[in-house]
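Colleague: Residues per chain, in single letters:
2 protein chains.
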Amino acid sequence: MPLKLTILGSGSAVPNLNRGVTAQFLNFNERRILIDCGEGTQLQLRRFKVKFQRLQYVFISHLHGDHFLGLFGLVSSMSLLGRTKKLKIFAPEGLEEVVRHQFKVTNVYLDFELEFITVKTKAKTLIFEDNSIEVYALPLKHRAECYGYLFNEKEKDLNIDKSRIKEFKLTLDEILAAKRGEDVERKDKVIPNSDITLTPEPLASYAFCTDTSYIPHLADWIKNVRLLYHEATFTNAHLKRAKATGHSTAEQAALIAIAAGAEQLILGHFSSRYKETSALLEEAKPIFDKVLCVEDGQSFHLK
Amino acid sequence: MPLKLTILGSGSAVPNLNRGVTAQFLNFNERRILIDCGEGTQLQLRRFKVKFQRLQYVFISHLHGDHFLGLFGLVSSMSLLGRTKKLKIFAPEGLEEVVRHQFKVTNVYLDFELEFITVKTKAKTLIFEDNSIEVYALPLKHRAECYGYLFNEKEKDLNIDKSRIKEFKLTLDEILAAKRGEDVERKDKVIPNSDITLTPEPLASYAFCTDTSYIPHLADWIKNVRLLYHEATFTNAHLKRAKATGHSTAEQAALIAIAAGAEQLILGHFSSRYKETSALLEEAKPIFDKVLCVEDGQSFHLK
Chain A
1 MPLKLTILGS
11 GSAVPNLNRG
21 VTAQFLNFNE
31 RRILIDCGEG
41 TQLQLRRFKV
51 KFQRLQYVFI
61 SHLHGDHFLG
71 LFGLVSSMSL
81 LGRTKKLKIF
91 APEGLEEVVR
101 HQFKVTNVYL
111 DFELEFITVK
121 TKAKTLIFED
131 NSIEVYALPL
141 KHRAECYGYL
151 FNEKEKDLNI
161 DKSRIKEFKL
171 TLDEILAAKR
181 GEDVERKDKV
191 IPNSDITLTP
201 EPLASYAFCT
211 DTSYIPHLAD
221 WIKNVRLLYH
231 EATFTNAHLK
241 RAKATGHSTA
251 EQAALIAIAA
261 GAEQLILGHF
271 SSRYKETSAL
281 LEEAKPIFDK
291 VLCVEDGQSF
301 HLK
Chain B
1 MPLKLTILGS
11 GSAVPNLNRG
21 VTAQFLNFNE
31 RRILIDCGEG
41 TQLQLRRFKV
51 KFQRLQYVFI
61 SHLHGDHFLG
71 LFGLVSSMSL
81 LGRTKKLKIF
91 APEGLEEVVR
101 HQFKVTNVYL
111 DFELEFITVK
121 TKAKTLIFED
131 NSIEVYALPL
141 KHRAECYGYL
151 FNEKEKDLNI
161 DKSRIKEFKL
171 TLDEILAAKR
181 GEDVERKDKV
191 IPNSDITLTP
201 EPLASYAFCT
211 DTSYIPHLAD
221 WIKNVRLLYH
231 EATFTNAHLK
241 RAKATGHSTA
251 EQAALIAIAA
261 GAEQLILGHF
271 SSRYKETSAL
281 LEEAKPIFDK
291 VLCVEDGQSF
301 HLK
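Chains as they are written, first to last, in the numbering used here: chain A, 1 to 303; chain B, 1 to 303.
Just to be clear, a hint being listed does not mean it is correct.
[Claimed, not checked] Computed from the model, here is a short list of chain B residues facing chain A with C-beta under 8 angstroms:
#  : residue
1  : Ala13
2  : Pro15
3  : Gln42
4  : Leu43
5  : Arg47
6  : Leu69
7  : Phe72
8  : Ser76
9  : Ser77
10 : Leu80
11 : Leu81
12 : Glu97
13 : Val98
14 : His101
15 : Thr106
16 : Asn107
Because the hints were derived from the structure by calculation, they are not lab data.
This one's a predicted model, so the numbers in the text were calculated from it and none came from an experiment.
Ideal Cβ positions, reconstructed from N, Cα and C, are used throughout, including at glycine.
Make the full structure from the sequences, and use the hints.
Modeller: Rendered as structure tokens:
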């Protein structure tokens with residue numbers, strides 16, 4: 001399973017007893033990633049049975065309290081509970097300064113390294129890659145410097161149809177070439193790659209887009225994304241307020257999804273005025289049918 | 001009712017799903033007081049139905065995360081939800097610096113004033129009083145600079161036995177003198193104060209003592225306190241660990257209570273190794289019988 005996303009908090013601004021503030025756990029090709037970390041995230045990780053010592057990467061969208069205030073307690077708890085392995089934190093300018101200052105003044109010494117990678121860009125930018133995934137920062141439009149993050153699975157070697165190895169008496173070199181996507185060229189014939197490899201699974205991808213005003217160019221940056229989380233703080237009834245506060249409506253989120261050709265849209269970061277989410281869903285659904293409003297604790301998979 | 005105490009968090013170090021980290025709400029003669037503010041306190045206030053906009057004073061014991069990290073989110077939420085009234089925060093040196101630095105770097109502008117009063121003393125010291133209560137700082141012994149707080153109700157005017165006003169034909173001046181505790185002196189006789197006033201209710205008092213090693217002199221500072229919260233992070237089975245980490249055992253908490261002549265002892269700040277608290281209670285009870293282990297959400301009253 002290349003992707004499992006667990007919603008740790010789906011509310012906005014002020015946490016309440018039904019919805020925590022923004023945090024998500026993403027297991028992406030066995031990379032364990034925390035996206036945003038509002039107050040109370042360490043408890044939400046426990047509640048939804050995510051082992052937080054195994055987290056490797058944190059991506060913070062912006063420095064509003066409901067997106068980062070849980071980080072101090074989380075890393076402190078990690079250290080108290082014996083962590084020694086480095087944690088990499090991608091975040092806008094300022095987070096490292098705030099964390100290091102607080103830890104210095106309050107004499108916190110962690111037993112592991114915090115590595116901060118400052119995200120600062122005005123265009124879609126690759127900020128991380130390894131042999132299996134790549135992560136892009138997506139500058140959003142909000143009252144603070146704010147980034148969405150796009151997680152892409154990299155192209156993988158093709159899988160060989162085992163029955164064809166015997167049939168064509170494939171050599172090791174030929175198998176390796178086929179895995180790379182090449183045809184097998186022999187003196188007497190060419191065996192087309194598609195005759196000996198299995199149809200590849202579609203690559204996984206996930207885009208996390210919060211907090212942001214409606215920015216149509218965002219769709220170009222996340223073309224054909226398979227799973228899209230887009231904030232929908234309001235319905236169009238509060239379009240003015242959405243604009244004034246740097247947020248989107250459910251309709252605007254759906255417009256991004258359809259323009260991007262997304263496979264599935266999930267909405268979150270709801271204003272606490274929505275005691276239930278049917279109005280948000282009804283607004284998005286006529287534009288983009290494969291849409292859901294998320295709840296804390298809900299998980300999403302890609303096959 | 002002069003005193004109502006609500007336990008918002010009774011655990012230590014790392015919050016878990018059964019116990020939040022330290023925070024208490026104290027309504028003391030209608031002064032609305034928050035004592036400590038670990039991560040998640042704003043949610044605990046909601047959970048236990050305390051209106052957090054009505055809080056007037058915050059007393060922070062020390063700058064370990066499980067005692068103050070909830071403050072950033074709480075005051076941010078207060079501002080987002082429309083607070084304009086000043087909040088007074090009593091805390092050791094460093095908290096003001098950390099809060100103001102974080103708010104500056106992350107561009108947080110509150111719509112109300114935060115007034116910090118730095119607590120710095122090596123002896124029991126009066127740090128606040130008004131016409132009805134007084135608060136003392138009690139320097140404790142911990143790995144960080146740490147204060148307990150003693151809340152005393154001030155002496156009040158006596159209540160007059162109304163049946164005696166007519167009987168003795170008391171004048172207004174005589175009534176006022178009697179309320180102040182004076183005898184009524186007439187040419188022909190002296191009416192003893194006790195003949196015309198009601199027996200006063202005992203004054204309320206509450207001592208909050210966490211986190212601390214066992215310090216016997218603490219009992220002298222809180223003589224005859226009516227309600228005593230003392231940390232009991234461990235049982236005596238972990239006496240060494242208690243000493244090493246600057247904490248107390250349940251027995252030591254009971255020794256403080258008996259030496260102080262307290263009316264009731266409540267224990268908290270339990271290590272997460274205690275899934276239930278019977279061992280802590282059994283250790284304290286033979287020394288001091290009126291003892292309880294607190295739970296999140298539990299309330300205590302004094303008549």
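Colleague: Hint by hint, note whether the structure agrees.
Modeller: Status of the hints after comparison with the structure:
1. Ala13: 6 angstroms, holds
2. Pro15: The hint holds - B:Pro15 has a Cβ within 8 angstroms of chain A, the shortest such distance being about 5 angstroms.
3. Gln42: Check passed: Cβ of B:Gln42 comes within 7 angstroms of chain A, closer than 8 angstroms.
4. Leu43: 5 angstroms, holds
5. Arg47: 6 angstroms, holds
6. Leu69: 5 angstroms, holds
7. Phe72: Status holds, d = 5 angstroms.
8. Ser76: 5 angstroms, holds
9. Ser77: Because about 5 angstroms separates B:Ser77 from the closest Cβ in chain A, which is inside the 8 angstroms limit, the hint holds.
10. Leu80: 6 angstroms, holds
11. Leu81: 7 angstroms, holds
12. Glu97: 6 angstroms, holds
13. Val98: Check passed: Cβ of B:Val98 comes within 5 angstroms of chain A, closer than 8 angstroms.
14. His101: Since the shortest Cβ distance to chain A is 5 angstroms, the answer is holds.
15. Thr106: Result: holds, 4 angstroms to nearest chain A Cβ.
16. Asn107: 7 angstroms, holds
The structure agrees with every numbered hint stated previously.
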